[in-house]
Each structure stands twice: as C-alpha cells, then as structure tokens.
Amino acid sequence: MAAYTEEEFAEELKNQEYKFGFTSEIESDKIPAGLNEDIIRMISAKKQEPEWLLEYRLNAYSVWQEMTEPEWAHVKYKKPDFQAISYFSAPKKQYESWDDVDPEMKATMDKLGISMDEQKKLTGVAVDFVMDSVSVATSFKEKLGELGIIFCSFSEAVQDHPELVKKYLGTVVPTQDNFYAALNSAVFTDGSFCYIPKGVRCPMELSTYFRINEAGTGQFERTLVVADQGSCVSYLEGCTAPQRDENQLHAAVVELIALDDAEIKYSTVQNWFPGDKDGKGGVFNFVTKRGICHTNSKISWTQVETGSAVTWKYPSCVLKGDNSIGEFYSVAVTNNFQQADTGTKMIHLGKNTKSTIISKGISAGESQNSYRGLVQIGSRADNARNFTQCDSLLMTDKCGAHTFPYIECKNNSAKLEHEATTSKIGEDQIFYCQQRGLSEEKAIGLIVNGYCKEVLNKLPMEFAVEAQKLLAISLENSVG
Amino acid sequence: MTLTLSKKMAEFTSRLETPQNNYQQAAAERLENMDFPSTRDEYWKYTRLGKITNTAFELGTKLTKTDISSFQTCDNIITIAQGEIRDDLSSFNDLSIVVERSFPGQFGVNNVRNEEKATIFTTINDAYFREEVVITIPKNTVLSAPLQVLVLHEGDQIINMPRLRVVAEGSSEATIIMTTGCQDNYTQFSNCLIELDVAANAKLTFQNVQTGNDNHLTITTIDARQAADSRLAVNTFTLNGLLVRNNVNIAVDGQNCETHMNGMLVTKGKQHVDNHTFVDHKVSNCFSNENYKYVLDDQSTGVFNGKVIVRKDAQVINAYQNNGNILLSDQASVDSKPELEIYADDVKCSHGSTTGQLDENALFYLQTRGISKEKSEKILVGAFIGDVMETIEDEATNQYIKNHLQEVHGWDSDIEI
Amino acid sequence: MSKILIDIKNLHAEIEDEGKKILKGLNLTVKAGEVHAIMGPNGAGKSTLASVVSGKDGYEVTEGSVEMDGKDLLELDPDERAKEGLFLAFQYPVEIPGVSNINFLRTAINEIKEYRGEEAVSAKDFMSMVREKSKLVELDSKLASRAVNEGFSGGEKKRNEIFQMAMLEPKVAILDETDSGLDIDALRIVAAGVNKLRNENNAVIVITHYQRLLDYIVPDFVHVLADGKIVKTGDKSLALELEEKGYDWLTTENA
Numbered sequence: 000m001a002a003y004t005e006e007e008f009a010e011e012l013k014n015q016e017y018k019f020g021f022t023s024e025i026e027s028d029k030i031p032a033g034l035n036e037d038i039i040r041m042i043s044a045k046k047q048e049p050e051w052l053l054e055y056r057l058n059a060y061s062v063w064q065e066m067t068e069p070e071w072a073h074v075k076y077k078k079p080d081f082q083a084i085s086y087f088s089a090p091k092k093q094y095e096s097w098d099d100v101d102p103e104m105k106a107t108m109d110k111l112g113i114s115m116d117e118q119k120k121l122t123g124v125a126v127d128f129v130m131d132s133v134s135v136a137t138s139f140k141e142k143l144g145e146l147g148i149i150f151c152s153f154s155e156a157v158q159d160h161p162e163l164v165k166k167y168l169g170t171v172v173p174t175q176d177n178f179y180a181a182l183n184s185a186v187f188t189d190g191s192f193c194y195i196p197k198g199v200r201c202p203m204e205l206s207t208y209f210r211i212n213e214a215g216t217g218q219f220e221r222t223l224v225v226a227d228q229g230s231c232v233s234y235l236e237g238c239t240a241p242q243r244d245e246n247q248l249h250a251a252v253v254e255l256i257a258l259d260d261a262e263i264k265y266s267t268v269q270n271w272f273p274g275d276k277d278g279k280g281g282v283f284n285f286v287t288k289r290g291i292c293h294t295n296s297k298i299s300w301t302q303v304e305t306g307s308a309v310t311w312k313y314p315s316c317v318l319k320g321d322n323s324i325g326e327f328y329s330v331a332v333t334n335n336f337q338q339a340d341t342g343t344k345m346i347h348l349g350k351n352t353k354s355t356i357i358s359k360g361i362s363a364g365e366s367q368n369s370y371r372g373l374v375q376i377g378s379r380a381d382n383a384r385n386f387t388q389c390d391s392l393l394m395t396d397k398c399g400a401h402t403f404p405y406i407e408c409k410n411n412s413a414k415l416e417h418e419a420t421t422s423k424i425g426e427d428q429i430f431y432c433q434q435r436g437l438s439e440e441k442a443i444g445l446i447v448n449g450y451c452k453e454v455l456n457k458l459p460m461e462f463a464v465e466a467q468k469l470l471a472i473s474l475e476n477s478v479g
Numbered sequence: 000m001t002l003t004l005s006k007k008m009a010e011f012t013s014r015l016e017t018p019q020n021n022y023q024q025a026a027a028e029r030l031e032n033m034d035f036p037s038t039r040d041e042y043w044k045y046t047r048l049g050k051i052t053n054t055a056f057e058l059g060t061k062l063t064k065t066d067i068s069s070f071q072t073c074d075n076i077i078t079i080a081q082g083e084i085r086d087d088l089s090s091f092n093d094l095s096i097v098v099e100r101s102f103p104g105q106f107g108v109n110n111v112r113n114e115e116k117a118t119i120f121t122t123i124n125d126a127y128f129r130e131e132v133v134i135t136i137p138k139n140t141v142l143s144a145p146l147q148v149l150v151l152h153e154g155d156q157i158i159n160m161p162r163l164r165v166v167a168e169g170s171s172e173a174t175i176i177m178t179t180g181c182q183d184n185y186t187q188f189s190n191c192l193i194e195l196d197v198a199a200n201a202k203l204t205f206q207n208v209q210t211g212n213d214n215h216l217t218i219t220t221i222d223a224r225q226a227a228d229s230r231l232a233v234n235t236f237t238l239n240g241l242l243v244r245n246n247v248n249i250a251v252d253g254q255n256c257e258t259h260m261n262g263m264l265v266t267k268g269k270q271h272v273d274n275h276t277f278v279d280h281k282v283s284n285c286f287s288n289e290n291y292k293y294v295l296d297d298q299s300t301g302v303f304n305g306k307v308i309v310r311k312d313a314q315v316i317n318a319y320q321n322n323g324n325i326l327l328s329d330q331a332s333v334d335s336k337p338e339l340e341i342y343a344d345d346v347k348c349s350h351g352s353t354t355g356q357l358d359e360n361a362l363f364y365l366q367t368r369g370i371s372k373e374k375s376e377k378i379l380v381g382a383f384i385g386d387v388m389e390t391i392e393d394e395a396t397n398q399y400i401k402n403h404l405q406e407v408h409g410w411d412s413d414i415e416i
Numbered sequence: 000m001s002k003i004l005i006d007i008k009n010l011h012a013e014i015e016d017e018g019k020k021i022l023k024g025l026n027l028t029v030k031a032g033e034v035h036a037i038m039g040p041n042g043a044g045k046s047t048l049a050s051v052v053s054g055k056d057g058y059e060v061t062e063g064s065v066e067m068d069g070k071d072l073l074e075l076d077p078d079e080r081a082k083e084g085l086f087l088a089f090q091y092p093v094e095i096p097g098v099s100n101i102n103f104l105r106t107a108i109n110e111i112k113e114y115r116g117e118e119a120v121s122a123k124d125f126m127s128m129v130r131e132k133s134k135l136v137e138l139d140s141k142l143a144s145r146a147v148n149e150g151f152s153g154g155e156k157k158r159n160e161i162f163q164m165a166m167l168e169p170k171v172a173i174l175d176e177t178d179s180g181l182d183i184d185a186l187r188i189v190a191a192g193v194n195k196l197r198n199e200n201n202a203v204i205v206i207t208h209y210q211r212l213l214d215y216i217v218p219d220f221v222h223v224l225a226d227g228k229i230v231k232t233g234d235k236s237l238a239l240e241l242e243e244k245g246y247d248w249l250t251t252e253n254a
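Chains as they are written, first to last, in numbering that gives the first Met the number 0: chain A, 0 to 479; chain B, 0 to 416; chain C, 0 to 254.
Certain hints may be false.
Simulated pairs of lysine-lysine, DSS-like, Cα-Cα distance not exceeding 30 angstroms [to be verified]: (1) B:LYS116 x A:LYS77; (2) A:LYS344 x B:LYS6; (3) A:LYS414 x A:LYS75; (4) B:LYS6 x A:LYS423; (5) A:LYS350 x B:LYS44; (6) C:LYS170 x A:LYS441; (7) C:LYS20 x A:LYS423; (8) A:LYS452 x C:LYS2; (9) A:LYS75 x B:LYS311; (10) B:LYS306 x A:LYS344; (11) A:LYS414 x B:LYS44; (12) A:LYS46 x A:LYS78; (13) A:LYS397 x B:LYS372; (14) B:LYS44 x A:LYS319; (15) B:LYS347 x A:LYS276; (16) A:LYS353 x A:LYS414; (17) B:LYS6 x B:LYS64; (18) C:LYS112 x C:LYS70; (19) B:LYS306 x A:LYS75; (20) B:LYS267 x A:LYS353; (21) A:LYS441 x C:LYS123; (22) C:LYS23 x C:LYS228; (23) A:LYS77 x B:LYS306; (24) C:LYS23 x C:LYS2; (25) A:LYS397 x B:LYS267; (26) A:LYS441 x C:LYS141; (27) A:LYS140 x A:LYS468; (28) B:LYS116 x A:LYS78; (29) C:LYS112 x C:LYS123; (30) B:LYS281 x B:LYS347; (31) A:LYS353 x B:LYS44; (32) B:LYS281 x C:LYS123.
Since the hints were derived computationally from the structure, they do not count as laboratory data.
Next comes chain A alone, as it looks inside the complex (with noise of 0.2 angstroms):
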C-alpha cells in the first residue's frame, strides 16, 4: 500500500531546514576571545559600569573558576573552550530611537516577523530587541513610563535605576548557583530589565527578542523582572541564532521577583539555531532560570522549545510566602540530533503553596528528549499541592525520551500527584483523521497541536499561533 509512512514522515523531518538562518551584514564591535580579568574590567569599562558592578562581575569570575561544568544531565556534547569565545559583540552604532535603526537591522526583524513599526501599529506588544549581547531597541517606552512601568535594557537600567538593579540583581540567582549562572554573572552584557509598579497590571504584553548574530561570539544575557505589590506583568522572550557550523553558546540567566500578591507569566519562544540534518552546529542552550514569588502571588512559566542543538534550562519557582502559586506548562520539540534536558523546580517553602507542571515532549529524528524536574516540599510547607503531568510522544525508533522526576516530601498535609506516560504517536488516530480525508502529516500537524493544546493555551493570545506556526515548522517539512 502506498501509505505514507511514519518513517517517510520522519525523513523528512530530517530535512527541514532552519527557517531563521540567515546573518545580518551589520557592522559590529567584537572583542578578542577569550576570558579573563582584563575581559571583564574591559566589559564593563564598554558599559560604562558602576564599581559595584564591576566587584560583582569580579567576584563571579573567581567563583567560577572554581566550578566544574555539570555532567549530570542526559546530553552528550562537547564542552566549549571558554577561551574560544569573544565576551562581547555589540552592533556598532547606538540608536537613539527605533527611527535610526539600521535598515538591514529593520530587516533583520522583519524576517524574524517581527517588525516593531508593525508591531506597534498592530498588536500593542512592548518589544525589546537585543541584538548578539547588545539591547538596541525598544518600543513602546513612553507610554509605559506614563504607568511608571519601567521596560529597557539592562545597561540602561543600570544607568537609570542602579537602586533597583542592585536591590535584585543575584538575590534570585547567587553567583554561585551553577557553572553558567557563574559566567553569566561575570560576563553578561545585556539583557532586559523590568519593573512594574505598586498595584499596576501592564497593559501590555513585555517582550524581548534575542537574536546571536556574530560567528564566535556568545551570548549571555541578563533578564530581570520585578512585579512590585499587587502588580501583574505578562512577559515573552523569542530568541533565534543564524545557521552556523560551529556551536554557539548562549548562557542566559533569567530572574523573576514577584512581591506580595503580584503575578508574573513569562512565557518563552526558543527558537536558537537547532544545528543541521546531520547534528553539525546549532545552539548551546544553557539557561538558569528562576522566580521567587512573596506572599499571595503567583509565577506561571509557559515555554516553547523548538530548537537549540542542546539544551540544559529548569525555570523555577521558589514558593517562598504563605498561598502563593508555581506553574511551569512546556512543550520541547526535539529532531534530528537535537538533545534537551529540560524540566522545572517547584520548591514549596510557605504555607498553602501550590504548583502545576505540565510537560509535553515530542522527539524526533535520532534527538534525545529528557524531563528533569524537582518537586520539594519543605517541613514548614502546610498543604502544599502539586500536580505533575508529563507526557512524551515519539515520532521514530532512533530517539528518546525520557522522564527524571524528583520528588521530595517533608510535610505530611501535602499532597502530591504526579503522572507521566511515554507512548509512540498513535497509529489509529493517524488512520482515524485520514478516514476523514485528512493526509498523513496534517494529520501528525492536528494531533500534535492537540497533544501540545494544554500549553499552548497557555500562551498570549499573539504568539499561540507564532508557537502553533513553529510547531507546524518544526514537523512541517513532513509534507511532501
């Protein structure tokens, strides 16, 4: 019978090719490679730093020095040479406004589908571009100033509110918390920096767009968001890397602060560089992400992972104050040799704290796809509620998936489910949809969709259907 077949399906998963590839001819300001204090002191000196800043950076340095790169993850790769990489790659000219932006940067974005001009005619998105590790726009400034929400680059955050920045800057994240949150923390060039007021919802969704441009550059980056009291913020992070045959790394540290009664969604579109058919190339994806809400508020991590050749990222949640809430909703779409460990941490420290995870994995090709994730509930954690979903679907009989889940109970009114199935895609749904007429890879697209629905939904409204498009992506070559 000449039926299409999975593994026809799964050839041509193979073939696909990475849709943002391209580099953008843009004159930039590179420094040497290489890591030391000299770098440092130059990164900062660039930035025209505070000394307190530089003292961090310095302190970083020397902490990291005494790490190891962690190996306890369920990837293979080889570890970059820290000294290979140059620290810092900005486009040469600063913008003033968006008006004076390059228009080969303009165009840059508008092949990401994201133009600003249209954006901020069309959907009343806030956006923040930053280019390799340079911020180099941001819309929208005004008008959310009016509000007294504050939304620009981390440089300039340092420059405008150094108070805030160093009230938060590390009280998520320590130094000393991991191998790249350390050289993040050391080297990190730019980033976006967040502040919503007392009492005020933004009335907007914040988004940034990384893109890594430069060859041999890495880039780290810095986020850090602060929901005042009573505030609410939804946030989103798109990130694509041109195709490149080396890999490149991309150590990004991500901090969220939600005060009492205040509400954080951060959902994130990953996009970097997967690496080509044959697993040559693509994005290091090492990422330490982690939100601490107060008493009564609430930090929902939505993520949806399409690329990078490797990726090593659990968003967290400390659950520090009384009733407050930690959701983490992913999918993770691995093919061709793509290798994610990937999953949360929900550490439930006050009382009456509760946390949703619910993960979806589809792997593809010869990828491995793993859930890492940590349920803890300390002593002091009174009713504590957790529900754990994690479900993984295999597209062929080359790949992986796999299911590492902790759990972690010290309190004995908690309760907690957790739930995780492994399954191949089903045959008979495949038959079912095409009974109805619907060829084989629309109906792979349809019941993947459905599979993902959970946390799709999850999603704002304007970038559901960016996610659902890149989803179609990336099983999308599928079609013949």
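Starting from the known structure of chain A, arrange chains B and C on it as the hints suggest.
Positioned in the frame of chain A, the structure of chains B and C alone reads:
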C-alpha cells in the same frame, strides 16, 4: 596481604579477616579503588550510610540460639545462619529441588561481576562471604509448596554476607520466601547478595520479607535475569530494620517475558527504607509492572527510585510503575524518583507517584460509624497496602506479616488487609 | 440502471507479517441507492473487509481489486479514498485528545473540498451545517466543541460517527458494527440518521453480527460472509433466517 584502603574502608574492614583464597583476595584488592558512596552520588542521594560505614563489624560466629520456631512459616525451609547454611535447621524433603553450597575457594578469579553491576557492597560480599547457597529447581519441575529461606543473625556489631543463587530451570515453577530472623536486638548488618536466574518458560516468585529487629541494617541486592517466555515476581515487604536499602535489578533478556515488582513498607521510629529497582528491557514484546506502597510514621524516611530502561529496538514494551506514599506523621518524609528512559518507539510506559495523607473524608466516614480514629486509620492503611499484600498467595507468610504488623506496629488482628 | 459505486472482485487479503489469510476471494457489487448488509460469524473477516477497503495499515492485498465509482481504490492512501467519497463508521471510534470535533471536521471538509477543486466552506456556513446535521442524530451541539470522541459515552461515539458521515456526505458509507454497544433508543437514533442520509446517489454497507439493526436500516441485500468469502446472498428475509438458525448451517453446507 596488605591493602591500601581508604581510611573509612580500612576502619570498616579492620575486624574482618583477610580472606585466604585467590577469588576473595582479588575482590579485596578491588576494594582498594573504592569508597563508600555519599549523598552526592545520584543513587545514594537520599540515603546516608553512616550507621553502616562508621562501624567496624565482625563476621558472625556460630549461632547459640537455635530455636527457629518463631520464624518458620513454611514446612520446607532452608536456614542460612550467620551467612552459612545450617543442615540441622533445614528440611525440604517434600520438594524436588537441589541445594548446593559453593565456597569462595571454588570460584574462578575471573568470575567477577561487570563494572556496571559491581557496587562497593557486592564487592565486600565477594571479599568476605563464607559460602554461596545455590538452589536449583530442575527442568519442568513445579514445586508443590513454597520454600522458605530463613536468614538468621545473632550477636552485636555483626556483619553477615548471605549469598544465594536461585536457578529456575526451563519450564519450572517455584515460590521462594526469604525471611529475616534476628535472634536478639543487637546491631547486625546483613550485606545480602541474591542472584535469580530464570530460564525459558520458567515462573519464579521471590518474596523478600524483611522483619529483622529495631537495629537491623541491611543492604540487599537482588540481581535477576529472565530468559524468553518467563515470569518473575520480586516482592519486597519491609516491616522492620533501622536502615534498609534494597536494590532489585532485573535484566529482561528474552522476549514475551512478564516481570512484576511489588513492594510494601510500614515504618515507625527513625527507620530509613530505600528501594531502588531497575528493569532493563533489552528485547521486544515484554511487560513489566511495578507497584510500591509506603506507609511512613514517626520520624521515618522512605525513598523510592524506580528505573525502567527500554533499549533501542526493544519494541512493543508495556512498562508501568506506581509509587504511593502515605505520611502518617508530620515528621515523616519521603523522596520518590520514578524514572523512564526510553530508546524505542513502540512502547507504552507510564509512571505515577502520589504522596499524601489518608483520605480525610474516608476517615471521618469510618469514625461516624463508631470506629475509633486510630483504628480507622489502620483500616485505611490496610486498604492502601491491600493490593500489594494480595501478591502473597501463601497463607502462612501472609499471617506472618500480619503478626508482625501487630507486634511491631500495634495493629489489631481483626483488621482486614 | 443505477451506476455501480463499489465493485469488489476476488479480493484476497492477509495480515501483514503474520501472513494469516483472512479474505479469500470476496466479491461484492454495490450500486447507487442500495443498502447492503454483511453478516457473518465472528472471525469471518467482516471488520477486515472494512479495514482493507478503507486502507488501514497492516493488511496485504494479495489478489483481486476494489473499485469505487470506476477508480482503483487499492492504489490510494486512506485519506485519498476518503476524498473520493468513502466513509467508514468505526466499530471503535478513536479518541484524539486536544483536537476539537469542530476543528477536526472543518479541516477534513476543507481538505476534501480542496481535493475536489471546490471552495472552502466559510466559518458561518460550516457552523450552520454543524447545527443542522447534529440534530439529525440528536447529538448535543456541545459535543461538537469537545475533543474528538474524548470522554464520549459509547452511544455518543457512534452518534458522532453518523454526524461526521452527515457532514462529509460520502458516496459509500461502511458502518462497521455500528450497533455494538448501543441500547435500543440509541440504535433507533443512529438508524434514523442513516435513513435520512440515504438517497439514490449513495450507498450504505452495514456490517453487523445481529439482525436487530436491520429492523431499522432495511437492506436491499443481505450477504453472509464466512471464512473470507460471501457464501450466500439473499434479501432481508435471509437476516431473519440467520437470526433463527445461526450460521452453522451455512458454513457446514459450504465446507
């Protein structure tokens, strides 16, 4: 022979005689490169071994108390006391089995477990065990009754190295019930190594009933291998013991196998019980199911780590894991880590883990019917562990476990489990 | 004379890998406007016939042909057969979590329309179609927005199958044991739905083990399928005879 051991290991072995045969000397030499695991090791993350590693144990001497009536549950019994079989305390004439003992001197020096399977504790067993008891169930033999293997300990600061191999030959069927008996309440460490070899089309049920005493320490490693069309059940019931670590490793080497692992534990005081299971699905068309129920009271701690690997090309595997935990006291704690590693696609695997208290509504309902809170709790615990208890078909063993629940945990005899 | 919609000739099929022969030279011709019932003992190959005709994986056709409206079906993928106008009401309708019935059907209809070079249905027309057709089988319109078959009762699943049939307007519909697991009320509703969908341009093949469905969907022909072949053909009275006497007299007669 002088060995360069780590400081801890040197202390630990200071009262153990250096073995006089090639096999054990080679094993002792392997200890030179080993050290006790710490909580930094992934597989010992939740279990601290201080109670074992800070003591210089000596090998158990000849038993002085030879009354086994309080431990005997089956007519057919093999008694292994202080690591050696006792013919005078064994009787299995009703069963067509072959029982042999093989001594370390008879072991070839190259008869060494591969690196993956060798742990520091199996290596200590290699270096200091007195004899291996080999029970063979001959081809096509169906045992008419279960066989009890009673492992006896006596004395203070004693280490025993019981070593047992069960060979279930082709198309045989057997149930073996291993029980622990402590002749006093002293500290004894049982470093037990069990190998189960299940041949094609054989059916073997191995019940590990851990009673011990309040100070009992044990690390029990069960390594099993299943050939095609076989069925193996390894069930573990932990009712006492201060520090208990069980490793159950099952390699499913043949197609159409069925593998069951059930576990139940009821703890009190400062007990620490850690069950590690590992099912390795190497070939296609197999089924495995795992169900562990923990009931933790007082300041006790429980650890569950269940791992299932489905190897590449091992297609059509159904593997299920379940771990349910009830914390009766606000100082009890549990760490649960069910793991799935799947490298084939035509599989149905799942795991579930739940942790909580007894259902308050059910508790209240029973109380409104005039049952005391304490008893209501026990009734609900009985129901919770009921599905694991059902896996013991042998009535005497079932009763033995219930007796223990009464003696050690103060259960009423009329509570249905 | 009405035209032939489906023409099965000397169909031999076996289970792939196992090589077990299930269909052993089956012949069946169905014309527009007709209702055929296929009855037979368990294991005769009734469901295999439905699977092979609709193109399910796992079967190998070793001999014979299946044509629909003059087109060789066996060369087509399952979705192409559906696009040509073949509909299978599943014995066990499949659950597809996260995919709403509506989204599913709309995708299906538009795929079929595209195949036929017709324009896509507008959202408005589609919705009014859903409302109209769901009444046909008394399907709660709420079910239309739920995930495909997920959490549906047995009866709801079967009604959903007929609802989909109504939406897709096939030339040939095969109802595979649609009566199994239905109580008498649900059976009546399902049968009434099918009867309303019958016309002179389409045809229905009812596969069933019991006669009772045929009280409601009255067949023009009744075929007995035994050991992979049609062993007897008659009118509706044959079904009653089978109900009374069972299948043994036929299978032994042919043995």
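Status of the hints after comparison with the structure:
A distance of roughly 28 angstroms separates the Cα atoms of LYS116 of chain B and LYS77 of chain A; the hinted pair therefore holds under the 30 angstroms criterion. A hinted pair counts as satisfied when its Cα atoms are at most 30 angstroms apart, and LYS344 of chain A with LYS6 of chain B does not qualify at roughly 37 angstroms. For the given pair, LYS414 of chain A sits about 36 angstroms from LYS75 of chain A by alpha-carbon distance, which is inconsistent with the 30 angstroms threshold. A distance of roughly 51 angstroms separates the Cα atoms of LYS6 of chain B and LYS423 of chain A; the hinted pair therefore is violated under the 30 angstroms criterion.
Distance check on the hinted pair: LYS350 of chain A and LYS44 of chain B sit about 26 angstroms apart at the alpha-carbon level, within 30 angstroms; holds. Under the criterion of a C-alpha separation no larger than 30 angstroms, the hint pairing LYS170 of chain C with LYS441 of chain A is consistent with the structure, at around 23 angstroms. With a C-alpha separation of about 28 angstroms, the suggested pair LYS20 of chain C and LYS423 of chain A falls inside the 30 angstroms cut-off, and the hint holds. A C-alpha spacing of about 45 angstroms is found between LYS452 of chain A and LYS2 of chain C, which places the hinted pair above 30 angstroms, so the restraint is violated.
Taken as a hint, the LYS75 of chain A and LYS311 of chain B pair is honoured in the structure, with Cα atoms around 17 angstroms apart against an allowance of 30 angstroms. Restraint check for LYS306 of chain B and LYS344 of chain A: the C-alpha separation of about 20 angstroms stays at or below 30 angstroms, so the hint holds. For the suggested pair LYS414 of chain A and LYS44 of chain B, the alpha carbons sit about 23 angstroms apart, so the restraint of at most 30 angstroms is met. Restraint check for LYS46 of chain A and LYS78 of chain A: satisfied, since their Cα atoms lie roughly 29 angstroms apart, inside the 30 angstroms limit.
In summary, the hint linking LYS397 of chain A to LYS372 of chain B is not supported, as the alpha carbons are separated by about 54 angstroms, beyond the 30 angstroms threshold. For a cut-off of 30 angstroms, the pair hint linking LYS44 of chain B to LYS319 of chain A stands: about 24 angstroms separates their Cα positions. Under the criterion of a C-alpha separation no larger than 30 angstroms, the hint pairing LYS347 of chain B with LYS276 of chain A is consistent with the structure, at around 28 angstroms. At most 30 angstroms may separate the alpha-carbon atoms for a hinted pair to count; LYS353 of chain A and LYS414 of chain A meet this at roughly 10 angstroms.
For the given pair, LYS6 of chain B sits about 35 angstroms from LYS64 of chain B by alpha-carbon distance, which is inconsistent with the 30 angstroms threshold. Straight-line distance between C-alpha atoms of LYS112 of chain C and LYS70 of chain C comes to about 18 angstroms, which keeps the hinted pair within the 30 angstroms bound. Distance restraint check for LYS306 of chain B and LYS75 of chain A: the Cα-Cα separation of roughly 20 angstroms lies within the 30 angstroms cut-off, and the hinted pair is therefore satisfied. Between LYS267 of chain B and LYS353 of chain A the CA atoms are separated by roughly 29 angstroms; this keeps the pair inside 30 angstroms, and the hint holds.
Distance check on the hinted pair: LYS441 of chain A and LYS123 of chain C sit about 23 angstroms apart at the alpha-carbon level, within 30 angstroms; holds. Between LYS23 of chain C and LYS228 of chain C the alpha-carbon distance is near 6 angstroms, which keeps this suggested pair within the 30 angstroms criterion. Note on LYS77 of chain A and LYS306 of chain B: the hinted pairing holds, with a Cα-Cα distance of about 27 angstroms set against a maximum of 30 angstroms. For a cut-off of 30 angstroms, the pair hint linking LYS23 of chain C to LYS2 of chain C stands: about 26 angstroms separates their Cα positions.
Restraint check for LYS397 of chain A and LYS267 of chain B: not satisfied, since their Cα atoms lie roughly 47 angstroms apart, outside the 30 angstroms limit. Restraint check for LYS441 of chain A and LYS141 of chain C: the C-alpha separation of about 25 angstroms stays at or below 30 angstroms, so the hint holds. The straight-line distance between the Cα atoms of LYS140 of chain A and LYS468 of chain A is roughly 29 angstroms, inside the 30 angstroms bound, and the hint therefore holds. With a CA separation close to 29 angstroms, the supplied pair LYS116 of chain B and LYS78 of chain A stays within the 30 angstroms bound.
Taking the CA atoms of LYS112 of chain C and LYS123 of chain C, the gap is near 16 angstroms; set against the 30 angstroms cutoff, the hint holds. With a C-alpha separation of about 15 angstroms, the suggested pairing of LYS281 of chain B with LYS347 of chain B holds against the 30 angstroms cut-off. Distance check on the hinted pair: LYS353 of chain A and LYS44 of chain B sit about 25 angstroms apart at the alpha-carbon level, within 30 angstroms; holds. A distance of roughly 55 angstroms separates the Cα atoms of LYS281 of chain B and LYS123 of chain C; the hinted pair therefore is violated under the 30 angstroms criterion.
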